[in-house]
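Participant: Spelled out, the chains give:
Protein chains: 2
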Amino acid sequence: MRHFAVELEELNQAILEMGALVESTIHCSVQALVDRDERMALRVIEDENRINQMELDVDARVTRLLALNQPVAGDLRLLIMALKINTDLERMGDLAVNIAERAISLSKVPPVKPLIDTPRMASLVEDMLHRSLDSFVKRDAALAAKVLPADDEVDSLRDRIYSELLEVMQLNPTVVPAAIHLMFVARNLERIADHTTNIAEDVIFLVRGIDVRHHATENKV
Amino acid sequence: MRHFAVELEELNQAILEMGALVESTIHCSVQALVDRDERMALRVIEDENRINQMELDVDARVTRLLALNQPVAGDLRLLIMALKINTDLERMGDLAVNIAERAISLSKVPPVKPLIDTPRMASLVEDMLHRSLDSFVKRDAALAAKVLPADDEVDSLRDRIYSELLEVMQLNPTVVPAAIHLMFVARNLERIADHTTNIAEDVIFLVRGIDVRHHATENKV
Numbered sequence: 017m018r019h020f021a022v023e024l025e026e027l028n029q030a031i032l033e034m035g036a037l038v039e040s041t042i043h044c045s046v047q048a049l050v051d052r053d054e055r056m057a058l059r060v061i062e063d064e065n066r067i068n069q070m071e072l073d074v075d076a077r078v079t080r081l082l083a084l085n086q087p088v089a090g091d092l093r094l095l096i097m098a099l100k101i102n103t104d105l106e107r108m109g110d111l112a113v114n115i116a117e118r119a120i121s122l123s124k125v126p127p128v129k130p131l132i133d134t135p136r137m138a139s140l141v142e143d144m145l146h147r148s149l150d151s152f153v154k155r156d157a158a159l160a161a162k163v164l165p166a167d168d169e170v171d172s173l174r175d176r177i178y179s180e181l182l183e184v185m186q187l188n189p190t191v192v193p194a195a196i197h198l199m200f201v202a203r204n205l206e207r208i209a210d211h212t213t214n215i216a217e218d219v220i221f222l223v224r225g226i227d228v229r230h231h232a233t234e235n236k237v
Numbered sequence: 017m018r019h020f021a022v023e024l025e026e027l028n029q030a031i032l033e034m035g036a037l038v039e040s041t042i043h044c045s046v047q048a049l050v051d052r053d054e055r056m057a058l059r060v061i062e063d064e065n066r067i068n069q070m071e072l073d074v075d076a077r078v079t080r081l082l083a084l085n086q087p088v089a090g091d092l093r094l095l096i097m098a099l100k101i102n103t104d105l106e107r108m109g110d111l112a113v114n115i116a117e118r119a120i121s122l123s124k125v126p127p128v129k130p131l132i133d134t135p136r137m138a139s140l141v142e143d144m145l146h147r148s149l150d151s152f153v154k155r156d157a158a159l160a161a162k163v164l165p166a167d168d169e170v171d172s173l174r175d176r177i178y179s180e181l182l183e184v185m186q187l188n189p190t191v192v193p194a195a196i197h198l199m200f201v202a203r204n205l206e207r208i209a210d211h212t213t214n215i216a217e218d219v220i221f222l223v224r225g226i227d228v229r230h231h232a233t234e235n236k237v
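If you read the protein sequences in the order shown, they are chains A and B. At position 85 of the first sequence (counting the first as 1) the number is 101 in the numbering used here, and the numbers step up by one without a gap. At position 189 of the second sequence (counting the first as 1) the number is 205 in the numbering used here, and the numbers step up by one without a gap.
For reference, chain A alone in the conformation it holds in the complex:
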């Protein structure tokens, strides 16, 4: 049996590598949308396989570490959080693929309007993900806590995008299909922000042993 600490560090690295790929995937999916770049969108879709493999790898590492050791306290929390962060990252990868698919559909129709606040919403979401992963690397609960309020900002940007798109569609029915795609892109970005929030909450739990989901009271392991 290899040393537990070494394997934990490898797990940590595997999560960070997966996080970096998911970050780049989200960035490229939105870039493909803005630049109407079908090839970039296709690369995002191809990356999904790598992300899925990484998810299986992280789960297998956690299962092995739980089976061969008796981790307690902080180490046990890390393993449980690894499973959760893994699920969140994989799901963000799926959402980026959905954005990329919509970018391809949108690249085939005339651009009806600037993309409203979509790029701004995307850069806010990317920043949230970057900071939540950073808080995981540094095991910094204060940094993680700072990610949470941005979720409200994302939600209000999404609401603004929705109402602008509704207006556009009602004025000009021919743009309905394109507007629907943009609406789902906003929805996907909002979901990515939710998963980012999950990661930040997990980091807080990891560091402080306090479950902040659903405004839970202290819930120490």
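Since the hints were made in silico from the structure, they are not lab data. Certain hints may be false.
The list treats identical chains as one, so a pair stands whether inside a single copy or across any two.
Said to hold, decoys possible - Here are the computed lysine-lysine pairs in the DSBU-like style, where the Cα-Cα straight-line distance is at most 35 Å:
1. 100 x 129
2. 154 x 100
3. 162 x 100
4. 124 x 100
5. 124 x 154
6. 124 x 162
7. 129 x 162
8. 129 x 154
Got chain A sorted already, so can you dock chain B onto it with the hints?
Facilitator: Frame of chain A; chain B shown alone:
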């Protein structure tokens, strides 16, 4: 320390109870939509708190069982699957709340068209969830495997709903807001089906020790 087997059985029961509540929540959210019943929709929204508390409870049970025992093989798999199924169920509860919120919005505007295939899609999704929870109760991988193909049927129903709604919107721009709500309802039902598929895959892993996600090769614990 209480007997491990007793605590495992209690965990099992907690998951089933949560599953039953999520099932009824999904059913009521769609019923509220069909009957334009705002009160029923509000009850769904209230139930979210109970589901969230159940999620925290299941996580706490798993963490305690992992910390105080050294589960291996089947028991370890059960605990890891419990964490995953827990996340899926909680997320389905969120999606049901979103359907209920849209049911409230829709109950305030004139019904523009029958709800197309939405009720049919919903009953298919409810059936998937029921069977996947049943396969968990019975630890029946064959039953779980039978849930998986229904996901394709759900996806094609969603595609049909999307294109019918697109057509309706382009013919009559005044129905755009209502049609958008129905589109997101279809999207939410499709996502619920995805989570149901996750549960079925988890049951297969639990029983057979084989990870069938992403068409993974055998991945025994």
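Participant: Please go over all the hints and tell whether each is borne out by the structure.
Facilitator: Verification of the supplied hints:
1. In the homo-oligomer, the alpha carbons of residue 100 and residue 129 never lie at most 35 Å apart, since the shortest distance is 39 Å inside one protomer and 41 Å across protomers.
2. With identical chains, the CA atoms of residue 154 and residue 100 are at most 35 Å apart both within one copy (18 Å) and between copies (26 Å).
3. Taking CA atoms no more than 35 Å apart as the test, residue 162 paired with residue 100 passes in both settings, with 20 Å inside one copy and 27 Å between copies.
4. Taking the closest pair of Cα atoms, residue 124 and residue 100 never come within 35 Å of each other, the shortest separation being 37 Å inside a single copy and 39 Å across copies.
5. Proximity of residue 124 and residue 154 under a CA criterion of 35 Å is satisfied in neither setting, with 43 Å inside one chain copy and 49 Å between copies.
6. Taking the shortest Cα distances, residue 124 and residue 162 never come within 35 Å of each other, neither inside one copy (39 Å) nor across copies (38 Å).
7. For the homomeric pair residue 129 and residue 162, the shortest alpha-carbon distance inside one copy (34 Å) is at most 35 Å, but the shortest distance between copies (45 Å) is not.
8. In this assembly of identical chains, residue 129 and residue 154 lie within 35 Å of each other by CA distance neither inside one copy nor across copies; the values are 41 Å within and 54 Å between.
Checked against the numbered hints above, the structure breaks hints 1, 4, 5, 6 and 8 and satisfies the rest.
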